[in-house]
Amino acid sequence: MALFDVSGFNSDLRAWILPSTQVPVLDRANNYSFGSKFQEFAVPPGVDPSGFLESCSSDGGVRIEMDHGTTTLAFKFRHGVIVAVDSRASSGRYISSTYYDKVIEINPYLLGTMSGSAADCMYWERLLAKECRLYRLRNNQRISVAAASKLLCNMMLGYRGMGLSVGSMICGWDKEGPGLYYVDENGTRLSGRMFSTGSGNSYAYGVMDSGYREDLTVEEAYDLGCRAIAHATHRDAYSGGVVNMYHMQKDGWIKVCKQDVSELLHRYRKEKLRV
Amino acid sequence: MALQDICNFQTIFEDNRRTEYPAVPHGKRIASNYVSGLPFSSSTNLFYFYIPVAEYLDQSPIQFGQISTVQSSSAISSEDSFLTSSSLPTCLPFASSQSVPLPFPMAHGTTTLAFMFQGGVMAAADTRSSCSGLVACPASQKILPIHSHLVGLTSGTSADCALWKRILARELRLYQLRYGRRLSTRGAAKLLSHMLHPFKGTELCVAATLCGWDGGEADDGEAGPGGHGETTKSQMTEQKNFADSPSEKVSLAEAQSFPFSQQCFSKKKINLSGPDLFYVCSDGTRLQGMLFSVGSGSPYAYSILDQGVHWGLEVDEATSIAREAVYRATYRDAYSGNCTDIFHITSKGWTRRNREDLKEEYYREKERRRRERRKRQDVTLSE
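Residue numbers (my numbering), protein chains in the order written: chain Z, 1 to 275; chain A, 1 to 383.
Don't take every hint at face value.
What the hints assert, rightly or not - For each label pair, taking beta carbons as the anchor points, the in silico distance ranges come out as: (1) Asp-215/Z to Ala-334/A: 27 to 33 Å; (2) Asn-354/A to Leu-265/Z: 49 to 55 Å; (3) Arg-193/Z to Cys-137/A: 30 to 36 Å; (4) Gln-118/A to Asp-215/Z: 32 to 38 Å; (5) Ser-97/Z to Arg-353/A: 45 to 51 Å; (6) Asp-283/A to Leu-265/Z: 25 to 31 Å; (7) Cys-137/A to Ser-50/Z: 36 to 42 Å; (8) Cys-257/Z to Arg-353/A: 39 to 45 Å.
As the list claims (entries may be wrong) - Pairs of lysine-lysine, DSBU-like flavour, derived with a Cα cap of 30 Å: (9) Lys-258/Z to Lys-130/Z; (10) Lys-200/A to Lys-272/Z; (11) Lys-255/Z to Lys-270/Z; (12) Lys-250/Z to Lys-270/Z; (13) Lys-375/A to Lys-250/Z; (14) Lys-250/Z to Lys-175/Z; (15) Lys-272/Z to Lys-366/A; (16) Lys-255/Z to Lys-150/Z; (17) Lys-175/Z to Lys-272/Z; (18) Lys-258/Z to Lys-272/Z; (19) Lys-175/Z to Lys-366/A; (20) Lys-270/Z to Lys-258/Z; (21) Lys-272/Z to Lys-150/Z; (22) Lys-250/Z to Lys-130/Z; (23) Lys-130/Z to Lys-255/Z; (24) Lys-366/A to Lys-250/Z; (25) Lys-375/A to Lys-175/Z; (26) Lys-175/Z to Lys-150/Z.
Don't read these hints as lab results, they were simulated from the structure. The structure presented is a predicted model; accordingly, all values stated were derived computationally and were not measured. Backbone N, C-alpha and C fix where the C-beta goes; we use that ideal spot for every residue, glycine too.
Construct the entire structure; sequences and hints are all you get.
Below you can see the structure in the form of structure tokens.
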């Protein structure tokens, strides 16, 4: 199907082979018109998700809480981008998984983190991965981090107000150097040096701000990421499990470690007392 | 006011017989114990103070969609303050059930923190008072000394906190005048918690952290259970100037029912003097702990404190950790900022550092980062 589109197969033959409801070649979705002509999936007529959700956000009445129950962080420094996430998946008060992978490896030089609704993040970031792959095939060059985050942002805007819950950070290394973008279900897209998302983000920010310097060494940066996640899981009920850490370098990302949070916290306490 | 209170105890004793104590959970209240001085003996004065407020709830000049009820006016028709104090339980529920809508959403916009270590208690707070997005006062004081060895950190509504701190200070001073020693931090926390209990369910919002140093006075560590009873009465057993048979019976019963309690009590005796830290909230929470941080900036401060605080800190290390925690909270939280106050409570009382403007710290950090970046550029250029 994708090869059909990419190779510009003869449209007459195409119409003959494929069912007539298929999209003609010239109107096919490409990276410039993704989402603008046809939504990824259409909202059934007569259903108004955004209206329904507005009625579910009143204080004191029925209220659907769209909290991002996790802690993820990423920061840029001299030697690339560090991405660190926890691994707890919760449904309300129940911990559904202790070892949930919240980083999606889009391609060897792009990573996306997930916070918010696990289903939404998983689906939309896999869709983003598909689009990035198509871009690479069509244009014979890698997609930039800015463009990838813009694609995700436009996907979110297409369904704005309809109850998506995605708080994602797109990290990569492209021609301009290391790139870090934060994309939200509201359509927020911010470029920055340091982000942390999720319910534990404030705890992580305290540690990260305190220890961050532009010229951190690689080991110090790994330690800072681990510490920030560990202390956030210590105080936040919705974060826990293990710290999954990735390091985005010039020639791609490497997975640094997968360390249990309680072991980290015990180690930090011992160090504190020894000093 | 305090002297009058003490001298006129006979008239108040009469009042005690007639009035009931409304929603306050009083525990073992025994009439003959008045001579020892119930902690709430002065609480009738307390309720005299609040009755006009209950009346104003119906006649507030600021209309927030209040429903003027016919029922409550009949309840407060009597001019007699004794009767009104006994009818107070019916008044207060009205106040909460009318559910006056707030003019704007309230939040605890502050950062306050306190922790215990070997050198005492360190307390720090920012100085920004905000009012729905506006900085109402950039130089407010959130750490209020209650007496020479007790300091209260306030969070919540500033008006409520200031008032309740003064009420607590008055009660503690009365206690000190009556019994010749200061009430412990634990007792003060319990007292504040019980005083706030009648207002549970109303829009009163007080989240106070009490930091103090107990003991170090004359009749310390005498026989008897210390700090174990439900009210401060148990600590009165150390004083020998009243007939205390009911309390003694209580203590004996406790000793018999729990065989290991003797060890508990003796341990408590040793720990009677020293630093102590309590968190009291108007929703009824009362917690003892080694480390507390309250307010919208508290998550940012918590992670810094968790990293660095342990019992064996030196005073200057503790000060720098407290300062860093408040600075990081003001860095990220919009409702905290401006300056920081740091208090240190030891056996000799509280001492206060000069108020420090965090703007300077922010510029210093920015300058430091700029210098590092310049150094890095020089290094890369030379390579």
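Violating hint indices (sorted, rising): 2, 10, 12, 17 and 21
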